[in-house]
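Let the sequences and hints guide you as you build the complete structure.
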Amino acid sequence: MIEYLFLPFIGMILGFILGRRISIRLNLWFYLPVGVIVGYLLGPLPYYNFPLSYSFFFTLIGLLLGNLTVREKGSP
Amino acid sequence: MKITITREIAVSLSFLLFGAGVFYSIYSIEVVEGVNALYTQVMIVPNFVTAVLFDWRGFDTLGECLILITSVLVTGMVFGKGLFNWDFLREVYREEDGKDVDLGFTPIIKVLAVPMAVLLMVLGVVVILGGHITPGGGFQGGALISAAYVLAMVAFGRGRCPVRFTHRFLESLESFGALLFLILGLIGMILSGYYLFNIREIYGIPLFPSPPGIGDVGIIPYLNIGVGLKVLAGLSTITTLLVSHRIVSKNIGRG
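As given, the protein sequences belong to chains L and V, one line each in that order.
Be aware that the first sequence starts at 1, since it is given in my numbering, and climbs by one per residue.
Be aware that the second sequence starts at 77, since it is given in my numbering, and climbs by one per residue.
The hints are simulated quantities; they were obtained by calculation from the structure and are not laboratory data.
Predicted model only: the values in this text are computed from it and were never measured.
For each residue, glycine too, the CB sits at the ideal point set by N, CA and C.
Don't take every hint at face value.
Stated by the list, open to error - Listed next, with one range per pair, are the computed distances between beta-carbon atoms:
(1) Ser90(V) with Ile13(L): 18 to 26 Å
(2) Arg25(L) with Ile259(V): 22 to 30 Å
(3) Leu188(V) with Leu42(L): 17 to 25 Å
As the list claims (entries may be wrong) - Stretch-level coverage of chain L by chain V, calculated; a stretch enters the list once three of its residues show a Cβ under 8 Å from a Cβ in chain V:
(4) 9-17
(5) 23-32
(6) 38-51
(7) 54-61
Next up, the structure:
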């Protein structure tokens, strides 16, 4: 299991670091469906074992987590 | 004064480590015949592209990183300390609020810029992480994330840009990326005697767990991450300096 989830986990960390740097609050209910759609359109990237790019989805979740919890405050 | 001394020690150590690595490798350089066949037989790397990019051309990639560092340094010198004092950096990265020019973009651009920038950033991270088995890699992924920053900057202007890459953040990413590459190279040298040798596992634990069939990819994804962070930081720094032309011009001659 860890073989499949290690890469998305690293993606989540990188996404978290980047999400922290977006100063406006991102809407969770907009980005989650969009993430699923874009992940589906990307296809099995980079591992060929699932119809959608779950690495993309996990990275997006990491970015949203970083943005919604510890984002840099300030006027956009 | 203390910061300057710390910085000088850090620079000296980096030069020492990197110089020792390069000289040692040049001294004991050896090209193995049929190295591609050897690599794919023993599954050190998953495919030929990766073998060429990071095993054959690991030094080339390291050189590319150094070229990027040099270009950022030169840009910084041309737009930075070479002509001005250090204070302008604070203004460039909005620690002091500067006036901004609204170029009058339509709401369509402003509404679309943020979601597109977010998705571009995520795609950039995926391209960096999948660089060892799919087309892409550190440079391309870093450029994608940087493109997201440029998109937000163009749409909203420097002062109101929702993507806040501060000077300190970019500096940290740049240093971390370069150090990660150098240190991974040194670990290879310590364990095998060859700089940037692709170590597959340590005490039976794979360095980057991957699904079966791909093989142990070793340090290659980490090298990709290092290159990606460096490219992201370098291109973003150059963009910020170029966008802040007005502040830079204002500060000419003050140094």
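Quick rundown of the hints versus the structure:
1. Ser90(V) with Ile13(L): 18 to 26 Å: At roughly 25 Å between Cβ atoms, Ile13(L) and Ser90(V) fall inside 18 to 26 Å, so the hint holds.
2. Arg25(L) with Ile259(V): 22 to 30 Å: 37 Å, violated
3. Leu188(V) with Leu42(L): 17 to 25 Å: 19 Å, holds
4. 9-17: holds (count 4)
5. 23-32: holds (count 5)
6. 38-51: holds (count 6)
7. 54-61: Held - the segment 54-61 of chain L has 4 residues with a Cβ nearer than 8 Å to chain V, which meets the minimum of three.
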